[in-house]
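Given the coordinates of chain S, assemble chains E and X onto it according to the supplied hints.
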Amino acid sequence: MNGALSYVAERDVVEAEYCPEGERPSLETCFAELVPEAARSILENVSQWGLKELWLGVAPGNHSRWNHTKGALTIALRWYHHLNRHLTSQGLAKDCLRQLGLKEGAEDALRKLVLLAVALHDIGHLPFAHLLGEVLESINWVPEGKGLSGLEQEVLEARFKEHFQGLWKKLGSELSCNPDSVQAAVTDLISGRHGLPWAQAIVNSPIDADKLDYVQRDSEFLRSHTSIAGGRLPPTGKGQKAEWLTEFFAEQQVNHAGMLCLSGRSAVLAADLMRDRIYLYDRFYLSPEIRAIERMAFELIQQFLIRAVMSERFSQTATAGTSSDHSLESTSTLGATMEAEDAVGDIRKLKCRLAAHILMRLAPRRRTSLMEFTVLEDMYRMLKNEESVDAGVRELWQQCFDQLRQLKERGVSISELAKRALVREPLVLKRRQYDLALEILRPLQHVYARQALIDLVKLPRALGGGGRWRGRTARKVDEVDWNILVPEGPISRWGGGSKACRPLTDEAVRELERPYARVLVVAPFGSDVHSEYIWDRVRAALLEGGVELVRRARRA
Amino acid sequence: MSRVFVPWATIGFAWRLGHAPPGHQGGWDLPRLMFVDWTYVATLGVQHGWIRRPVRWRFPVPESDPDSAAERFGASQVRGLFGGVRSARLARLSEEAERVIGDVITYGLCEVLDFLKKHEEPDEVQVDKVQFVILGAALPKVVGRLASLRLDPVRIRVAWFCPVPIPQWISERADEFLLIPPEHLREEGEAGENWEEERLVRGWCTKRGEKLLLVQQLTLWERSELNWEGLVWAEAQFAKSMLPREVIAAAGQVENRYRGSYSLPAREGDELVEPPEGFRVEYQVVRAERGLDAWRIRWAGRTPVAG
Amino acid sequence: MFVLGAGVSYGVVPLLRDIGAWFVQQLPNDEQHKKAHSLAEKLATGKPNRGEVAELFSLLQSEKEKSRGIWRRFSEAFLLGSDPKIKMGEQGQTPFSGLLKANPSEGHRSLAGLAANHAAWVLSLNFDGLTVKALIKKGGDAAGVALHSAEDVRRYFSAPDALKSVPAVIKVRGDVFYARCDNSLCPAAAAEQALDRLMRDPPQSDLRCPSCHAGQLLLQFLFPGFRSKEEAAYPILWEARGFLGPRVSAIIIVGLSGRWDRYLLEFLFDWARERELPVLDVKPDGEDAKVIESFWQTYFKGRVNFHFINATAEEWLPEFCRAFDWKNP
Chain S
1 MNGALSYVAE RDVVEAEYCP EGERPSLETC FAELVPEAAR SILENVSQWG LKELWLGVAP
61 GNHSRWNHTK GALTIALRWY HHLNRHLTSQ GLAKDCLRQL GLKEGAEDAL RKLVLLAVAL
121 HDIGHLPFAH LLGEVLESIN WVPEGKGLSG LEQEVLEARF KEHFQGLWKK LGSELSCNPD
181 SVQAAVTDLI SGRHGLPWAQ AIVNSPIDAD KLDYVQRDSE FLRSHTSIAG GRLPPTGKGQ
241 KAEWLTEFFA EQQVNHAGML CLSGRSAVLA ADLMRDRIYL YDRFYLSPEI RAIERMAFEL
301 IQQFLIRAVM SERFSQTATA GTSSDHSLES TSTLGATMEA EDAVGDIRKL KCRLAAHILM
361 RLAPRRRTSL MEFTVLEDMY RMLKNEESVD AGVRELWQQC FDQLRQLKER GVSISELAKR
421 ALVREPLVLK RRQYDLALEI LRPLQHVYAR QALIDLVKLP RALGGGGRWR GRTARKVDEV
481 DWNILVPEGP ISRWGGGSKA CRPLTDEAVR ELERPYARVL VVAPFGSDVH SEYIWDRVRA
541 ALLEGGVELV RRARRA
Chain E
557 MSRVFVPWAT IGFAWRLGHA PPGHQGGWDL PRLMFVDWTY VATLGVQHGW IRRPVRWRFP
617 VPESDPDSAA ERFGASQVRG LFGGVRSARL ARLSEEAERV IGDVITYGLC EVLDFLKKHE
677 EPDEVQVDKV QFVILGAALP KVVGRLASLR LDPVRIRVAW FCPVPIPQWI SERADEFLLI
737 PPEHLREEGE AGENWEEERL VRGWCTKRGE KLLLVQQLTL WERSELNWEG LVWAEAQFAK
797 SMLPREVIAA AGQVENRYRG SYSLPAREGD ELVEPPEGFR VEYQVVRAER GLDAWRIRWA
857 GRTPVAG
Chain X
864 MFVLGAGVSY GVVPLLRDIG AWFVQQLPND EQHKKAHSLA EKLATGKPNR GEVAELFSLL
924 QSEKEKSRGI WRRFSEAFLL GSDPKIKMGE QGQTPFSGLL KANPSEGHRS LAGLAANHAA
984 WVLSLNFDGL TVKALIKKGG DAAGVALHSA EDVRRYFSAP DALKSVPAVI KVRGDVFYAR
1044 CDNSLCPAAA AEQALDRLMR DPPQSDLRCP SCHAGQLLLQ FLFPGFRSKE EAAYPILWEA
1104 RGFLGPRVSA IIIVGLSGRW DRYLLEFLFD WARERELPVL DVKPDGEDAK VIESFWQTYF
1164 KGRVNFHFIN ATAEEWLPEF CRAFDWKNP
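Protein chains in written order, with this note's numbering: chain S, 1 to 556; chain E, 557 to 863; chain X, 864 to 1192.
No lab work stands behind these hints: they were computed from the structure. Misleading hints may appear alongside valid ones.
Unchecked claim - Chain S residues, not near chain X, derived (Cβ > 10 Å throughout):
1. A16
2. E44
3. N84
4. A242
5. I414
6. G497
7. D536
As the list claims (entries may be wrong) - Straight-line distance between alpha carbons at most 30 Å, and here's what the computed DSSO-like set of lysine-lysine pairs gives:
8. X/K1027 x S/K499
9. S/K476 x X/K1153
10. E/K685 x E/K673
11. X/K964 x X/K950
12. X/K898 x X/K910
13. X/K1164 x S/K349
As the list claims (entries may be wrong) - Far from chain X by the CB rule (all over 12 Å, computed), these chain S residues:
14. D276
15. E312
16. Q433
17. V529
This one's a predicted model, so the numbers in the text were calculated from it and none came from an experiment. Think of the CB as a built atom: it goes at the ideal place given N, C-alpha and C, for glycine as much as any other residue.
Chain S on its own, in the form it takes in the complex (with noise of 0.2 Å):
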């Protein structure tokens, strides 16, 4: 609620590990009244890494989103002083100012911006993670929307009301400007939309602090507790976290026009980030092992979202007994918004608005270890009660429930699991075909619901986050916004000496890139016959709607 706002302690917001030795109080006392204790008791309840956690065998609540979001404070904050070093000794820095609309002398305004927009730039997560939006795209309940996905738009707009009126009007005081614009300006940056591109840069793009710590934490706890992805991961040990962003700050700048220049062993370390990143998709998040599992919890998170938002009856048993989070009781029920006088719905909006509503709902407000499966529980006891349902689905759906229980409970582990319910080898196409795919198997999945599911993922380009449009005259462009500079040459000629000369592109790493998509055929109820039969149908049907498979796909 708002009121008197609370901030959490400087000491507990810097992560050690990425501070060199005696760099610490220094950083400290910049987050001074910095982050709101509303922000840390929203993001440490919710994980990371969603059901992953749970999967590994691992208790969860060491990957919350909390954790993760000091550790790409402290990176942005080491980040921002780098570059307005920089910016101060060319003289750049009151252009910079100017053109915020900001006086000479805010400079500590603008870095108080910059940070809140990292501290808050995961605000818009519900429980399950990424899961939770794949759903609701898979059913086509995300609003067409510029920067954040249309759920996490909403549930930050939401929260932002919410939780954090207070700390506008004190930002636009000490701004002396409107605390509307405040909120914009985070917002902007928080989607990838700002204009002053080395601040963008650090809050959301292809390179931000979010990307430097989660890569680096995702490593280092896959290579400890898993041998999952193999040894292909950065290093990790003390003292080289901070030592490897100083490295890659070394040779960064800001110029004339505000743009991020990476030059040198800056650019290298770029595009070793870009690439791990790839790479932790490809073999961890993505990989067939994680997907059989979550296209399990995937299925009855999405069954029970479309009965919960569909039907009233059903939803206000759901959220029996559940308190509401008021910011988000204005959208009541579909029927109730849609026949509301002079009422005109965006009705994806409206769909998502109220999934995300309800969720909020079931999620508790106090952390528990097993936060996300004991929403997944209640989800999936709701479902098997449905009589209207077929009771062959609703066998399927026990049986994903108690898979994911087994693993829970360490009944069986990721890999013994997979092994039994993956159908024969993975379908791989291009991504660029991902949509004609989807439309193709859409039917599929009705039918065969009885005995598998049919999952569908592509992997991510290369230059994940940030700002992207589309120019939509005769010539189309698809592009990424131009707000940080590399060298010129593919990425394998970058190297000491180069310099930053040119945008980075998707064209500039296409060497990267893993353009591909992979439709996996889970079947719960074990491998056989039958689901080899559909794995068959599958393959067959992406054929003949035009579908190209690769046979292999290409590793780096």
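Quick look at chains E and X alone, frame taken from chain S:
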């Protein structure tokens, strides 16, 4: 021993483009909105049923596909006198219209199921099955949404009834060449293979009075027969065809909504409005229960029961 | 972001119809020049189509001696203001003292103020170089650079080592008028020079070629047909959009009829649609006043927030720039 009656519920809807109220910034070149008026009629017992208060949902008209700015008139292009030619603007409008129709019908079906659960009639019949009829042709987005509900195909059957040729009231802007797959335009029992392997909908034509009636049925997993015996057919003036009485009643109430015979939002005490000429079948309002979104009705005549 | 058309320089630089009127006076009214004369008359009345303008200037720049004489006199009148002078204004009363001596208007100066403070970007379709001149004249830290090609734009935004930030004016169409040396032995005979590169302070008094000092700079009018101009414009437009995309909060079109520039309007409105930017069209009421609004209504209504402002650049720009005080947002 209780007799089992298989209830019929029919969902009727009308989609129209209309003007936005003053002050509303519509999309596209004119301030317009999409309006979907809809209702359902359910026969739950031997002679009684329910009519839902018809409602109007409004949706924004989507921005036309930006590619339309690059259209050139040219000297030899096909414009599509009968459709069949890609127009970015029409494609966008169709997509959005079919999407909102799909959502309305899915929501309506869920509401009927919830309603039936709330209003079982233990003394007279057991409501453990229901057959839905939707007036119009099946659209893939509707079929996909209903399939997503993973409905028990034995207990819950869904069908579409549509006179052929399609009457103006049902579709002003499209015709059977666009809406109906050719393999559905055969009479049932005619020789010929349906070539689709994973079929979601099967369809056929049957004679009803002077016109053909297209019947399409949601067919997931197994083919469960529609129970025709529960239906009472009546002459539908608006369609110049024979249709089940529930369908005519639903169409009548949707027409009432379109003509503004109901206020929005509905207030307590709103009476069930007599449908206009051409949409009438015989029923009486037995008791209008306050606070509900529906009126109880009693059908005139006898209704056979299904075994 | 301001998009500038000829109306910004109204009263300072002749319009195409003023040039047409000068040619009507100068061209002999004989059989040999009949066609050119007729086209010039059409240009003078302000109602030619693109093809007619292109044909006129092609004829005038042809190899025929007499035409070359007329064209040479025009180059001198246009650049140096030599006699006979080109007359400007509604009644053709104001003699033009030549482009090299032209001074920026109040509108140019106001824009230069915003650009110097990094509060605005400028895309110009004009050939007169007066916005850059206003930047240079502003003094202090202000200097200015004109960017004529996609490569120029990329180099500007990608320069890592610039010691200070210099505001830029992006020349969208490339210039309609160029200068070229008439001495065929000179390298500058093959290379077109943008007119703003000839701007000096104080202005030069002759047109001697700076490369060979033997030849004279002659105007070259590049308007062979709109298609190649559009093709030349696209690279720079897309390059500008790539770099400026998130930096722009509104698109303000000043003094541009839009009659010749459908491709540009489509581009600008598409940009506005993508970034949810408002578009303002500033020009006085008159014959071509509603061309842009009509384009918006036909293709982008409901998708882009558009406003027409009935005012001249001279009236509106200074007031707007004063009101838009970046120091107090």
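Consistency of the hints with the structure:
no.: 1; hint: A16; result: 33 Å, holds
no.: 2; hint: E44; result: 32 Å, holds
no.: 3; hint: N84; result: 16 Å, holds
no.: 4; hint: A242; result: 26 Å, holds
no.: 5; hint: I414; result: 41 Å, holds
no.: 6; hint: G497; result: 13 Å, holds
no.: 7; hint: D536; result: 43 Å, holds
no.: 8; hint: X/K1027 x S/K499; result: 18 Å, holds
no.: 9; hint: S/K476 x X/K1153; result: 28 Å, holds
no.: 10; hint: E/K685 x E/K673; result: 11 Å, holds
no.: 11; hint: X/K964 x X/K950; result: 15 Å, holds
no.: 12; hint: X/K898 x X/K910; result: 16 Å, holds
no.: 13; hint: X/K1164 x S/K349; result: 22 Å, holds
no.: 14; hint: D276; result: 26 Å, holds
no.: 15; hint: E312; result: 33 Å, holds
no.: 16; hint: Q433; result: 25 Å, holds
no.: 17; hint: V529; result: 51 Å, holds
When the structure is compared with the earlier hints, no violation turns up for any of them.
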